[in-house]
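Visitor: Given these sequences and hints, build the entire structure.
Protein chains: 2
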Amino acid sequence: MSEGNPLNLSCPLPRNRHNHVLMAHGGGGALMQKLLHELFFPAFKMQAGSLAHDAAVIEIGGQRIAFTTDSFVVKPLRFPGGDIGSLAVHGTVNDLAMAGAQPQWISAAYILEEGFPIDELETVTVSMAAAAKDAGVTIVTGDTKVVDQGKGDGVYINTAGIGVIAHDLVIAPHRIAEGDAVIVSGDVARHGMAIMASREGLEFESAIESDSAPLASPVQDLVESGADVHCLRDLTRGGLASAMNELAREELAIMLEEAAIPVREDVRGACEMLGFDPLYVANEGRFVAFVPAAEAEKAVEVLRGNPLCADAAIVGEVVKRETAPVLLRTSVGAARILDLLSGEQLPRIC
Amino acid sequence: MSEGNPLNLSCPLPRNRHNHVLMAHGGGGALMQKLLHELFFPAFKMQAGSLAHDAAVIEIGGQRIAFTTDSFVVKPLRFPGGDIGSLAVHGTVNDLAMAGAQPQWISAAYILEEGFPIDELETVTVSMAAAAKDAGVTIVTGDTKVVDQGKGDGVYINTAGIGVIAHDLVIAPHRIAEGDAVIVSGDVARHGMAIMASREGLEFESAIESDSAPLASPVQDLVESGADVHCLRDLTRGGLASAMNELAREELAIMLEEAAIPVREDVRGACEMLGFDPLYVANEGRFVAFVPAAEAEKAVEVLRGNPLCADAAIVGEVVKRETAPVLLRTSVGAARILDLLSGEQLPRIC
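Protein sequences appear in the order of chains A and B. Residue numbering for the first sequence is 92 to 441, as defined by this note's numbering. Residue numbering for the second sequence is 92 to 441, as defined by this note's numbering.
Don't read these hints as lab results, they were simulated from the structure. Among the hints, a few may not be true.
Below 20 Å or equal to it, Euclidean Cα-Cα: the simulated DMTMM-like pairs (lysine to aspartate or glutamate) are [stated by the list, open to error]:
no.: 1; chain 1: A; residue 1: 125; chain 2: A; residue 2: 408
no.: 2; chain 1: A; residue 1: 136; chain 2: B; residue 2: 269
no.: 3; chain 1: B; residue 1: 242; chain 2: A; residue 2: 239
no.: 4; chain 1: A; residue 1: 136; chain 2: B; residue 2: 210
no.: 5; chain 1: B; residue 1: 411; chain 2: B; residue 2: 269
no.: 6; chain 1: B; residue 1: 166; chain 2: B; residue 2: 210
no.: 7; chain 1: B; residue 1: 242; chain 2: A; residue 2: 291
Pulled a few chain B residues facing chain A out of the computed Cβ check, cut under 8 Å [stated by the list, open to error]:
no.: 8; residue: 111
no.: 9; residue: 113
no.: 10; residue: 255
no.: 11; residue: 257
no.: 12; residue: 259
no.: 13; residue: 367
no.: 14; residue: 411
no.: 15; residue: 422
So the derived label-pair ranges between C-beta atoms look like this [to be verified]:
no.: 16; chain 1: A; residue 1: 154; chain 2: B; residue 2: 171; range: 39 to 49 Å
no.: 17; chain 1: A; residue 1: 290; chain 2: B; residue 2: 300; range: 55 to 65 Å
no.: 18; chain 1: A; residue 1: 154; chain 2: B; residue 2: 225; range: 26 to 36 Å
no.: 19; chain 1: A; residue 1: 171; chain 2: B; residue 2: 269; range: 55 to 65 Å
Since the structure is predicted, the reported quantities are computational estimates derived from the model, not experimental observations. Glycine included, every Cβ here is placed at the ideal spot set by N, Cα and C.
Guide: Right, here's the structure in full:
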């Protein structure tokens, strides 16, 4: 190991008072971006641009494939609309779909805590298998590790996935252009509020179920419709607002229309009651698509034809940046800045 | 979720008194095999045969590739000869190499415990980057999650990897045949004893360093030499004896020669002192190769030409099974059964 500054960074890693890992470092917000841009990207010599993407795109024998990984530490393990098993499949399958790939193979690696009931392991595994079948992927390899009691939390799951890009479109953040329409695939903030409700034992007037779902089929519909899809992004940790902040490039800004963003009434009520902004709440079955404005209406129509995207809507546009990277035009016409929060409002959401 | 017996197994999952996960379920021994064969394989509809392999072999556009995953929970995070970062690279790269693939891309997914020092995260990350460079692989995608203090142990790392199989050999457990020679690539039991020593603060006469190393280059040497390599297997959790037990098919047995198995004197001494059998102690830079007897001498010579395999030796042969699947001919000529232990002698070895 080399001495001194092992990354040979031009300046030492700024610490910002944080010498230890905080929950917020895993929250998809500003602190996590800091970790990525100041530690992981330089160490692994990754292009920040390539990593603004959910999956790596590599070429094997002339065929483009997407490759991605995610670990799942959601708490509780089961929640309305899913569990850690189905979530672990959806999360990885969706990262592949966002690169325009058809997900095909995934891995399943468990870190089990000593004392975890075998019954629960069986339930999670069966759920994972069912979610994989539903998403059209095969679990082809895996791993099991066990850690001492008090060094885990029942079960953590990592999935990695491989998908094949079977078309010629380049779907990537750098293709986002001024004038693009921003389309959201459905109502937002359900996953986060479902977790929150089940974690805190809250009961709302109606049950809020997670939106967790595999998104390859609507993406395929979009691609097959001939739409010139510029970029796709699923709205996980940090929600819609954080995803938009990650994607707004230097010279571009994203202007969202508050009134156009679908949020279910019960979800909005739960958010208000608990002090959450639905635009920052995590989803696990929602994405945004950037397409040229002229193709936006048709793209929405195509998406609405898929049961997972019945509420798809145009929610904003890409404009030249003047002030902040992401702005929200509220119902009274004012524009408010949607900043990157330091971390996720709800830790261990996925 | 379906009710009752969700796997539709012909008989209910036998529990053997274990209703909870034990440390031994992660140890690479009989309990882990039970979990694989009774839960994961049927749930994921995996062929047990395909999973006797370290990596899945899939085909993309006519090109065979290998895909694998491993999580690393080694304790302590740093040990003589490596750390969790280098180990996480070697483990996955080696699983790909064992399928005869040239490792190319890997992922890096961290599960961080709140409060873990950023300094240590940097050290581990730099080590991972260096190991990847040394092994000729690129880290192309990643993930970071943070769990509450007391729900992790500093850092756990998952790596998944993709390698390209650039030759026509089929290197897989089903090709092991009667008469094959069993070649081990070097002295065994160092990784486990290095971990043990650093965990317990033991000092032996000489420092025992882990053998952790990337094994793609000796495998490539072997393949390029034209040897008809039937099967390869790295000797991780459970060591040489467990690997042989996993590979001995119904009608075949593996007969090892005790005197031929290279074990360093200091390692043997440490094992004796602590009551470990070196044949069951984990390695992270050692493998066995099964080749036809007629090609064995040449294969050993080829391996010895690689600095990682200077002590390669023929240590046994594949014979028709008469009694146990794995036997050890001791120096006095008696044959003793090498059984699968229920778990690893040393938990959290990788």
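Visitor: What's the verdict on residue 411 of chain B and residue 269 of chain B, does the C-alpha distance respect the 20 Å limit or exceed it?
Guide: Since the Cα atoms of residue 411 of chain B and residue 269 of chain B sit roughly 6 Å apart, the hinted pair holds (cutoff 20 Å).
Visitor: Is residue 136 of chain A close enough to residue 210 of chain B, meaning Cα to Cα at most 20 Å?
Guide: Within the cut-off at roughly 19 Å; holds.
Visitor: Just to be careful, I want the Cα atoms of residue 166 of chain B and residue 210 of chain B compared with a cutoff of 20 Å; is the pair within it?
Guide: holds, 18 Å
Visitor: Do the Cβ positions of residue 154 of chain A and residue 225 of chain B conform to the proposed distance bound of 26 to 36 Å?
Guide: holds, 28 Å
Visitor: Residue 255 of chain B was flagged as interface toward chain A. Is the shortest Cβ-Cβ separation under 8 Å?
Guide: Check passed: Cβ of residue 255 of chain B comes within 6 Å of chain A, closer than 8 Å.
Visitor: Between residue 242 of chain B and residue 239 of chain A, is the straight-line Cα distance small enough, at 20 Å or below?
Guide: holds, 10 Å
Visitor: Should the interface hint for residue 111 of chain B be scored as holding, given a Cβ-Cβ cut-off of 8 Å against chain A?
Guide: Holds. Min distance 5 Å.
Visitor: Check whether the Cα positions of residue 125 of chain A and residue 408 of chain A lie no farther apart than 20 Å.
Guide: violated, 27 Å
Visitor: Taking 39 to 49 Å as the hint, is the beta-carbon distance of residue 154 of chain A and residue 171 of chain B inside that range?
Guide: holds, 43 Å
Visitor: Would you mind confirming whether the straight-line C-alpha gap from residue 136 of chain A to residue 269 of chain B stays at or under 20 Å?
Guide: violated, 47 Å
Visitor: With a cut-off of 8 Å, does the beta carbon of residue 259 of chain B approach a beta carbon of chain A closely enough for the hint to hold?
Guide: With Cβ-Cβ at 15 Å, over 8 Å, it is violated.
Visitor: Holds or violated: 55 to 65 Å for the Cβ distance of residue 290 of chain A and residue 300 of chain B?
Guide: violated, 45 Å
Checked against the numbered hints given earlier, the structure breaks hints 1, 2, 11, 12, 13, 14, 15, 17 and satisfies all the rest.
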